[in-house]
Each structure stands twice: as structure tokens, then as C-alpha cells.
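If you read the protein sequences in the order shown, they are chains A and B.
Quick note on numbering: the first sequence equals residues 46 to 338 in the working numbering.
Quick note on numbering: the second sequence equals residues 869 to 1501 in the working numbering.
Don't read these hints as lab results, they were simulated from the structure.
Be aware that a few hints might be false.
Going by beta-carbon spacing under 7 Å, a handful of chain A positions derived as facing chain B [as the list claims (entries may be wrong)]:
no., residue
1, SER139
2, TRP142
3, ASP268
4, LEU269
5, LYS270
6, LEU271
7, VAL280
8, ASP281
9, VAL282
10, VAL293
11, LEU296
12, ARG300
13, GLU333
Computed far set for chain A versus chain B, every beta-carbon distance over 10 Å [what the hints assert, rightly or not]:
no., residue
14, THR68
15, PRO234
16, ARG241
17, VAL274
For glycine and all other residues, C-beta sits at the position ideal for the given N, C-alpha and C.
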Amino acid sequence: MSDVGGLFEPAFLKQLDRLVLLTRRSTVGQMQGERRSPRRGSSIEYADFKPYTAGDDFRQIDWNLYARLEKFFLKLFVAEEEITLHLLIDSSASMDWGEPNKLRYAAQLAGAMGYIALGGLDRARVQAFGGNATRLPAQRGRAGVVPLFRFLSQLQGQGPTNLVDACQRYVQTTRVAGPLLLCTDLLTPDWEEALRTLSRRPFEITLMHILAPDELNPPLEGDLKLLDVEGGDGVDVSADLDLLQRYVERLYAWRQEVETFCNARGINYIFVETTLPLDTLLVSVLRERQLLR
Amino acid sequence: MGLLAPLMLGLGAAVMAGIVTLYILRLRREERTVSSTFLWQQLVRDVEANAPWQRLRNNWLMWLQLLAALLLAPALARPFFKTAGVSGKNLILIIDRSASMGAVDADPTRLERAKSEAIRLIDQLPDGARATVMAIGGELDVPAAATNDRRELRNAINGIQLRLGGGSDMSQALSLAGALAARETDSEVAILSDGQVTVPTSTTIPAKIRFFPLGESANNQAIAAVTLNELAPGALTFFARVRNNGAERVVRRLVVELDGTLFNAYDIELPPGQDQTINVDVPASTQIAHVYLDGTDALPSDDQAWAVRPSNDPIPVRLVTPGNRFLATVLGLMPRVAVTAYLTETAAFTDTPMLTVLDASLPDPLPEGNLLIIAPYRSTAYFSVTGVLDQPVPRPSLTEEPLLRGIELGEVNILRSVHVENAPWAHTVIDSSSGPLLIAGEVDGRRIAILGFDLHDSDLPLNIAFPVLMANLVGYLAPGSGGESAFIAPNQALNISVTSDVEQVRVTLPNGATVELEPRQGSATLDAAQVSQAGIYTVELHGAGGVVNTQRYVVNAYSESEATINPVPVLDIAQAGGGVVGSTETEQAQAGKDEWWRPLALVALIVLLIEWVLAQRGGMTRLRLWWRARRTA
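Using the sequences and the hints, build the whole thing.
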């Protein structure tokens, strides 16, 4: 597989081939796949017995049981279906920031996760939300890798963060739940409402909280008027050591607050600084957090 | 409290208003784009208020600058407290360093108190003001003249040392102060003294005069005289006179040590202003007598004295005269003086005596050694004869002139005298309204005294003053002669006559230090500055084969005028513009201005430094981080 859009080196993709997407619970898919489904299907794995009722497929009657009990029971088997990986990427202007760039980092992370999912005969669907909301319809199989990478490499950060609206729209328009990877810097006052919205559907949510080094330790000094890249009124500050120290403390408290919020709702919270190498994130962090195997 | 420049407060207010205005105008901050202001808004909600005053509220740099301006404005206004001191822009300090200023009734001494007070006055001087420092007591010294360099002034004041000899005549100092004050308006003269000074009645100073009296006690007993007299061969007598200059009757113990061994002690009851004498026979072998008063008084320097046994060696004196019975008689009667008389026509001398008396005769060249020239009729290289003074009225030039000790000139009449001038090396001993009558001094390593009038033109030889004057002159010109030959006055140069076989002269000072002197033209001179201590001065004359001769000289601290130490609160000095009598301490109180702008300026500087550090602390942080990274690397 060659690199598309300059997202990855081929050697890196070979590393990804060894990884498998893990899910904590089975989800209903649209097509047959390789993952256990809560539905009963035609695999060879026994699941349960069910008393026969009119209309049932009599080909599934367990005749051995009828011989013993003289009652009709259907022998049910586990269905194996695909899952859909939902990749939600914040492409607002605030994400197109920092060195290394947050949006590029989010695109690479989503690409890697999508590549792993597609390699496992699962579906991957991408929704970018920002000033120019775009989406990639669900892709399935290796054939979907190229469109996926092309879509991600063309992402541009612009416009304000409208996380709540984007999440609401996504929740309402998505038919199939599944693992959901939300890549965002969460720099919006209504982040709680957005996460709460996503939690209303049985998504297996993982929040990738991505921040750049400049946001962790701002290189500011002197009397400044801070302008938000997404617009709005500026903030006058006198950036001295005291203020910068208070900023760092506030940032840490905010991260704690987000993590606590996520833990309370079963959301997997992972904080990422863009200086962390992507392979380290995938191989070490995500495997440790049992998102990958 | 007052302000010397109150308008500066207005300037300070304007500066503060300017600072605030600049900060308000400066509210347009540098714009910096960040990814999100979400977290910043939570931090600086209070800074976001639009009102300029609220924006200024937490601006520490502005508040520090305002504080600095608030401190600098009163500093520039030059606040002051009124204190005892001076206020003129040309200060003339006259500091008394005479022996009485060594009294310990001021902590530690009157002189040290005067110096500290003088430094305080210097510190009080307004900016740009100049000061002159004069030291009276002995010869007038001006260690700092009309300078505004305060360090130099302090050094000059600190360098003033006590003078045991020379009295404390203010005439020259006041004359000079008057001349300096006349050149500059707003002059002020500050006199720091115990008041035991001689003040001329005719001097008027065109300036304000402040007198800072020093001292509190008048309690002083002194050993006024002590001698060892050999009245007959083998009969040595010790004589001491103790005087009470205090105002109360006291009993002091006089301890007598002979050659370093305790001889006796005498309890002496001393009524105020009275003397007591001790006259006892002592062993004939005694060389040195040291006496001291046990106990303490305000002036300890004159509580001890020394005497040495007079030498028996005759001192040769050459008399060149056309014939003068008075001179021949008085010189012949002097003990230990061997007079050789020559006629005026004698041009060549075979002997080299210590002293040559030239009476109405001036050989060319002048004989070697010390000279007493009487009635010179022509000029020489050392002086000029410029005319004749008719019927001059003699008067002492100084009140404490050693050469006039015991002499009353009021009954001396003189018909005429020559006018001697151009002798800068000499000082006037007997003066008159028209010119000096007797001058004395040292030049080219020898002492010369010139008496301007012929003894036959005066009734001086018929007066009791004559033998005393001659004894004093011979004692000055031929040290070592006469009964008190071994006594020399403090701060008076010691002229030692040496013979040709003497190669080096070594003088051991009372403190044990030695001074090597090179003989020159038959004499060696120990400078007056080196004769500053009381005690025994031992002179060793070294020849090729070792010590040729040893002489002892005594310097005692006692001075009749300086022994009276009661502080005088008022000096009778006429001031210009009303003839005000010299000020008292209470009159000069609150005249000085003690400015205290310096601490304000210092605090303002510290505030500005803090403001700078705060303004630069981002840079300081980077510097610290760089340094830390460098250390760890």
C-alpha cells in the first residue's frame, strides 16, 4: 500500500498491519464481518436455545433436543458482523495550530485508526467539523484506505469550533453505533454539552485530547492583546511569570476536569501532546488503553 | 521641616500625571494570535474591563513608577529639618587644634568632637556650596581651601591633629576668613573651639559668624615647671611647680620618678588658681626626672613632665663687636657659655662656635653657624635693610612667643631701628607699628635672629627684660646652653649644632621611634612637625668611631594659656552689619538646615530597580533557564 496524501510512510503502514482494533462490547453491524454481533446469526459458535414459535425458520430446530424433550427448540448461533469506526475530527481553526500541527496530528491518528479498522474488514467513517464541515461516507475493506487517506490529507482547519452542533448532527444522522474516536483540542466552552450529546448513543467513545506545546507553555511575554484565531474579542493580558504559572495551573485543572467528566460517562480519555510520536501513541498508549491489540 | 525647592513638588505631580497618561495611552497592546482564548478568558476576566482606571488597577509597573515619582518629587524639593548649624554657601571652618582641645571632657576629646561637628556641617552644606578648612593652634594651616569636594573636606578635617605648642591665636585665621568672606557673598564662618583662644579686637568679619563652643569642664591641674638644677658640684636639686587651673580646691598626688625609679610622692593641696612647689635634693647621679600627677582631670596631657640634668659642657659663643659692655656682660654671666670676643674688623675666624653674635658688624661672608645680628647696617643674602624706624614702640608679635617668655616690653624705649625686610624665612618676635624690631627663624640649616636696633639706641640694656631676652635668644640660637637649655617648646624645630667629626645624628623620639639626620653646615635640624610629642628626645651624635656625644632634650606639654581649659561660651568677634558679638550656642541653634533628600532618593532608586527587575523578569527568567541548561549540559 503506497502512501496517499503524504500522511504516512509505507514502513509505518506495515507496522499498522500488525494492529487490530479492539472493542469493549459487541455492536450491531450492517454486513457480515468478523466481529461478534449481539444478533444471532449463522456462525458455528453456539449462542442460545429458543422455543419454536410459528414463523421461525424450522431449519434451525435442534432435533436432538426434540428427541429428548419432545418439544421444539431452535438452536441459535452467534452472528459475526462488521463494526463501524466513527472518526470525528475537529477541523476548526484552533486545530490548525502549533508545531507539530494539531490538525495534521489528528488526521494522522484518524488515518492510522481507520487503516487498522479497514484492514480488519470493518467500516470507517470520517466526519470533520469546523468552519467547513465535510464527511467521508463509510468505507469498507482495503479499498477504502485510499479515499480515507485522501480525505484526511485534504482537511483544512478553518472556522469556529461548533462542537455541540456537530455532535448533535452526527448522533442524529448515524444509524449504526460503534467505536468513536473524537480528535479535538476541546478548546470550547461547551465541551461538556458536546460529550454529553455523544454519550446519548451507545458509541464506544474515545476522546483524543490533542494540544500543542505552545498551548501547554505559552511563549508569551509583556502586555499583549490575545486574539483568538477563531475570532471574537481579544483578551488583554500582562504575561508575566505569575500569569503564566496561573495559566499552567488552570490548564492542568481543566484537563483533570475533562478526565473526571469522561470517566463518569465511560468515555475513554487520552491526552496527547503533539510532540508525542504517533507510533508511540499507537503501539504503547492505545495498546495499553486496550483500544488496539 | 521646610522645603528648599517647593516648586519641585508641582513638577513631581506633573510627572505622576504624565506617567498615568502615558499608561492610559499605552493601553493599545501588542496583538498576538493564539489558538484559543478559552482558558485565558477564565484567567483574566478582571483585566477585561473596559474602563481605563480598572485596567490600570493591577499594573504593578505603573504603580512602582508612580511610587518612585512620589519619592523623587519631595527629594527634588529638598526637604530639611532646622538644626544647629550653618546655612551659608561659602563656609569657612576654623577648627581649634591647640593643646586645650585635647581635654577629654568631650567624648573622646574636644578636638575629635570639633572634627565630627565640622564634618556634620560639611554634610549640611547646600549643593554647590564651598568650604574652607583652617586649623588654628601653632601656625595657621589651611588644609582645604574653597572647595566643594566633600571628600577632600572630610579628609582635611580628619587630618587635623592636636598641637601641643604654639598657642591658639585666631588673628591670622580671622584675617584670612575676613578676606575670603569679602570675596563672596553669603559667607559664613564657623568656629569650633573651646573658646580659649586669642581674639583680636580690631578684626571685623564681613560674614555671619557661628561659634560652636566645645567642652564642659574647667578641672585641670598641670605641672607648670620641673627642673633639675646643679647649684653646686655634687648638689642636685629637683624643683616642680604644680598649678590648679580649675575652679575647685583639689588634692593631687605628685609622683616623682628619677631615672625610671620611684623617688617619692607628695600629696599637694591646690586651691583654685594657686600654685604649689616642691623643691628637694635628689641624688647627684640623677639624669632624668619624670613627674606626674596621679588621678585624672580634664586635660591629662599636662599632668606629666620631664626634666634632664643640664650638661656641664661649655658652649662656645663668638661675639664680634666694636665694643659693647652690655653684651659682653650679659653673655659672660650666662652659665656654661664661653664667650670669645672679636673686633669688628676681624674677617677670618679659626674657631667654629655654635653661635656668633654680630653686633653692628657684618663680615662678608657671614660666619658659619647660628647668628644673632644686632643693628645690621646693610643688606645680606638673607634680608634687606630698607630704612630707619624712628622711635618705634615695641610690642610682642604673638602672645605666646617663646622668645619673649618672661619679658615685659612696656617699659622699653627705642630711639631708632633699621627696617629689616625680605626675610620670608623668619617670623616677627618684636613688632612695632612701622616694622619689625626683632625677627628670628631658620634658613639654610641654621638659626638667625636679627635685632634691628643698636643697644646703645635703647634703654633695653638697662631694663630687666634685657638679660631675659638675651638668655632666651641664646637658648634659641645655642640649644643646650643656659639653665633651661634642654627644654624646647612643642612643635619647635630642634637645631643641633655638630662638630665636623660628626657624620650622622640620630634622634630617638619619646615614642621610641628614631630619626636619622644628616649634618649640614655645622648643624642638624629636627623638623618642628617631628617635635610633636611630650617627653625626652635623645640625640646621639655619631662619628667615625661611634657615638661622639649624647644629648637629651625635653618637650613638656604645659602651656600657661592652654592649661586654662574652662569653656568660653561667647567669643567677642565683631561681625559686619551691626557689630554683633560672637554667637552663643543658643543663638546659633536652628540656623542650619539638615537636608534629608538622600534617603528619599535612595528609596526611589530601589523602587526603580525593583520596577526594572519586574519589567525585565521575562528576560531574567530566560537568562536563568539558559544558565541552568548550561550548567546541566
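Verification of the hints:
1. SER139: Holds - the Cβ of A/SER139 comes within 7 Å of chain B, reaching about 4 Å at its closest.
2. TRP142: With a minimum Cβ separation of about 4 Å from chain B (threshold 7 Å), the hint on A/TRP142 holds.
3. ASP268: With a closest approach of 5 Å, the A/ASP268 hint holds.
4. LEU269: 5 Å, holds
5. LYS270: Holds, because the Cβ-Cβ distance from A/LYS270 to chain B comes to roughly 4 Å (cut-off 7 Å).
6. LEU271: 5 Å, holds
7. VAL280: Nearest chain B Cβ about 5 Å off; hint holds.
8. ASP281: Because about 5 Å separates A/ASP281 from the closest Cβ in chain B, which is inside the 7 Å limit, the hint holds.
9. VAL282: Holds - the Cβ of A/VAL282 comes within 7 Å of chain B, reaching about 5 Å at its closest.
10. VAL293: Status violated, d = 10 Å.
11. LEU296: 6 Å, holds
12. ARG300: 11 Å, violated
13. GLU333: 28 Å, violated
14. THR68: Fine: 32 Å to the nearest Cβ keeps A/THR68 off the interface.
15. PRO234: 6 Å, violated
16. ARG241: A/ARG241 is indeed farther than 10 Å from all Cβ atoms of chain B, at 18 Å.
17. VAL274: It is violated; A/VAL274 is separated from chain B by about 5 Å at its closest Cβ, not greater than 10 Å.
In this structure, the hints that do not hold are numbers 10, 12, 13, 15, 17, in rising order.
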